[in-house]
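Whole structure, please, built from the sequences with the hints as guidance.
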Amino acid sequence: MKPPELTLHPTAIRSRVHALLSLPWPLPAVLAWALAWACYDAAQQAGLAAGWAWPLAAMLGGAVASRVQGRLRRWLVAAGFPLSSLALGATAPAWVWLAAGLPLLLAYPLRAWSDAPFFPTPARALQALAALLPLPAGARVLDAGCGLGHGLVGLHAVWPDAGIEGVEWSVPLAWWCARRCRFARVQRSDMWLHPWAAYEVVYLFQRPESMARAWTKACTEMASGRWLVSLEFAVPGVEPLHRLDAGGGRPLWVYRTESGWSPGSKKSRHGR
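To get our numbering, take the position in the sequence shown, counting from 1, and add 4.
Treat the hints as calculated values from the structure; they're not laboratory data. Just so you know, these numbers come straight off a predicted model, no measurement behind them. All residues carry an ideal CB built from backbone N, CA and C; glycine is no exception. Honestly, I wouldn't trust all of these hints.
Stated by the list, open to error - If you anchor each label on the Cβ, the simulated ranges turn out as follows: (1) G253 / G51: 41 to 51 Å; (2) A83 / D45: 15 to 25 Å; (3) T224 / D45: 34 to 44 Å; (4) S228 / P59: 47 to 57 Å.
What follows is the structure, encoded as structure tokens:
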């Protein structure tokens, strides 16, 4: 009896890719890297020379990356296989690369990956805030998810007389940040459990999926008329008060908090 033929309709392929990309971050990136490595190994076992197997696997990773939302994430997914294979000479098995990533996992646990991209705030990205939001001396400013402190440095340059604070979930990153940014108060804490009520400004460089939650937290805990600033990612369904140029094509979104706002609201009331 002849076995049924396996057919992959384009619609079925698109649905599988969509299911992959719908998984919680960073699983899409990990699976895309694993898929590229599997393609590389399978191509070599099929007799394809490494000079042909490598670009085939890299193109597969790039094709998956093209469907990922967010420029930084697309670069991260696309660069995973090429960088790992070049670092290993494309001769070591894939598990060696995964083992090499364990120190990164320890420094930046999966819980933190679910909130923020592992990319620092670029230098001078926040400088436009100085003229837009002149804060009084002693005003408290929070970098929620401060990483190694690049955002803290930028905030301190904008408001040198403000009380700059940061919270970071990763123990080693918070430890290093506290020593790197001695002008700021850095705590190892969960940004979602840390209260925001005392701050004039909360700055974020998070991810698209966490922005609605951040806006709800800001409007629930902060006084009306205070500020939520986000690099790169906008709050869905909420009109910003300002959209600034952070350089390199990155937007800097500035929102003014509204007490009484609820997730069911479609538009921000403050307008532009």
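Tested hints:
At about 43 Å, the beta-carbon gap between G253 and G51 stays in the expected band of 41 to 51 Å. Checked against the hint of 15 to 25 Å, the pair A83 and D45 passes, with Cβ atoms roughly 19 Å apart. For the pair T224 and D45, the beta carbons lie near 50 Å from each other, so the given range of 34 to 44 Å is not met. The hinted range of 47 to 57 Å is satisfied by S228 and P59, whose Cβ atoms lie roughly 55 Å apart.
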